[in-house]
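2 protein chains.
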Amino acid sequence: MMKVPEHQVAGHKAKEGVLGPLVDERGRFYKPLQNEDRGSTEVWFYSSLSSHRNKENENEIPLAFFPAFHGTKEVEASDCSGLHPHLVLEDLLHGYAKPSVMDVKIGSRTWNLRDSEDYINKCLAKDRDSSTIPLGFRISGVKDSLSSWEPSRKSLQTLSAHGVVSILNKFVSSDASTDSLPDCAFASQVFGPVLDRLLQLKAWFEVQTLYHFYSCSLLLVYEKEDVDRESKVLVKLVDFAHVVPGNGAIDHNFLGGLCSFIKFLKDALHH
Amino acid sequence: MMKVPEHQVAGHKAKEGVLGPLVDERGRFYKPLQNEDRGSTEVWFYSSLSSHRNKENENEIPLAFFPAFHGTKEVEASDCSGLHPHLVLEDLLHGYAKPSVMDVKIGSRTWNLRDSEDYINKCLAKDRDSSTIPLGFRISGVKDSLSSWEPSRKSLQTLSAHGVVSILNKFVSSDASTDSLPDCAFASQVFGPVLDRLLQLKAWFEVQTLYHFYSCSLLLVYEKEDVDRESKVLVKLVDFAHVVPGNGAIDHNFLGGLCSFIKFLKDALHH
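Heads up: the protein sequence lines correspond to chains A and B, in order. The letter at position 72 of the first sequence is residue 71 when you use numbering that gives the first Met the number 0, and the numbering goes up by one with no holes. The letter at position 86 of the second sequence is residue 85 when you use numbering that gives the first Met the number 0, and the numbering goes up by one with no holes.
Below, in silico cross-link-like pairs of lysine to aspartate or glutamate (EDC-like), each with a Cα-Cα straight-line distance of 16 Å or less: (1) K235(A) <-> D90(A); (2) K97(A) <-> E224(A); (3) K265(A) <-> E205(B); (4) K97(A) <-> D227(A); (5) K265(B) <-> E205(A); (6) K97(A) <-> E149(A); (7) K201(B) <-> E205(A); (8) K12(A) <-> D90(A); (9) K72(B) <-> D23(B); (10) K97(B) <-> D227(B); (11) K201(A) <-> E205(B); (12) K2(A) <-> D78(A).
Don't read these hints as lab results, they were simulated from the structure. It should be emphasised that the depicted structure is a prediction, and the values quoted were computed from it without experimental measurement.
Sequences are here, hints too, so could you generate the full structure?
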């Protein structure tokens with residue numbers, strides 16, 4: 000019953016003998032636990048989310064921004080290497096017919112002080128060569144499954160501010176795949192609700208000192224098949240393999256990048 | 000008539016044959032143009048501030064946050080090396096009898112992509128070893144000229160979140176120099192107005208795409224001699240030797256650090 004997710008735009012894909020995520024028909028997303036500390040970090044993070052559930056203070060976690068977590072489970076790995084432990088999560092794309100999907104890695108620094116020197120150097124080089132340092136985020140993947148528009152990941156990484164504006168405009172246009180000017184037909188239907196959600200997320204990041212999110216992505220989804228009837232806008236955070244405790248400070252790195260992305264969205268909504 | 004500023008807490012000091020800033024009795028601050036591109040960058044920045052003065056849009060610059068600029072002038076250098084070009088600025092400490100002063104370098108990254116590899120590596124090492132990366136800012140200097148409290152710059156650089164709370168509490172206490180618990184007697188008188196100003200500054204940084212400010216400091220001053228009568232709270236930005244054009248993005252690095260500092264101030268004000 001397990002299959003490869005149809006609309007994954009970033010991260011390792013489970014194909015051609017590669018270990019990657021799987022989904023079932025009941026709306027669950029199975030993400031293989033990554034090696035080194037990443038797998039255990041993500042399990043720790045999802046587990047701690049539930050344990051904080053009842054805290055009533057400024058750190059109270061807006062759980063609606065996170066995929067539901069259903070523990071871990073050994074399942075047959077996508078690379079046919081046998082049983083492998085997986086996180087069992089909510090399949091965020093379940094129920095969408097023709098989703099438009101965007102994955103935005105937030106923050107101008109994708110590494111933290113706990114990481115190894117090798118990992119820091121690798122991330123820093125990539126951050127410097129991508130839009131991560133200039134813009135405070137990078138678009139890791141985007142797809143319009145109705146018009147089959149899916150720019151290469153490589154072309155997305157080095158986007159200038161101008162390039163980001165163009166991708167955002169296409170993302171909310173009737174036909175993203177054409178070379179003609181994007182009509183931005185769904186800008187208010189999509190970016191309106193997205194912006195509302197992101198301002199709520201921002202308000203939390205201005206006060207929460209529980210976690211710092213490195214290399215974490217914002218996932219934006221809407222239903223393109225019948226967008227005028229129901230756009231089903233979804234805004235979630237995904238990928239928590241590099242989350243660390245906040246140690247008394249807000250996550251200024253994520254917050255700065257989020258504010259930068261919000262500014263682009265506001266401009267896309269109002270022009 | 001020129002003399003060494005009495006209450007400078009960060010940056011090069013003009014003493015013992017070192018080139019540093021001077022002040023005159025009329026309230027002007029003479030800052031030597033630094034070598035390499037720094038001096039010319041700062042002249043460019045101050046000049047461009049005035050040229051943007053009449054723009055009525057989201058980039059409209061809140062000029063009250065910047066020292067007034069009176070051009071450049073050749074004056075006798077403090078290291079007795081002869082005439083040297085200086086920026087002529089407003090002396091922000093002019094008119095204070097017993098000022099309490101804090102200099103906070105904002106941002107979790109003090110370098111930018113235009114900098115040389117050597118400079119980037121030097122900054123990155125210092126950012127990693129200081130509170131810059133964990134907290135998104137570092138306190139470069141602090142002084143209470145009434146009680147002669149002035150922690151060493153070195154001790155300030157590596158402050159944890161807990162250490163910052165302690166410095167902030169002392170900064171607004173009757174006698175910062177004692178080892179006893181700070182009384183935080185002036186917390187609301189000082190941090191109240193500071194917070195109001197910083198929230199205005201934050202609102203600008205959420206939209207402005209003119210400049211990115213690296214290695215720039217927030218200068219906080221209040222009059223301690225007769226604080227109950229008039230606290231004369233001052234909030235300014237200083238040091239623009241590493242400002243670069245924004246290129247269509249907000250300054251997410253400065254904004255993130257500013258939000259982090261604001262969170263500490265809010266906590267210091269409300270506890």
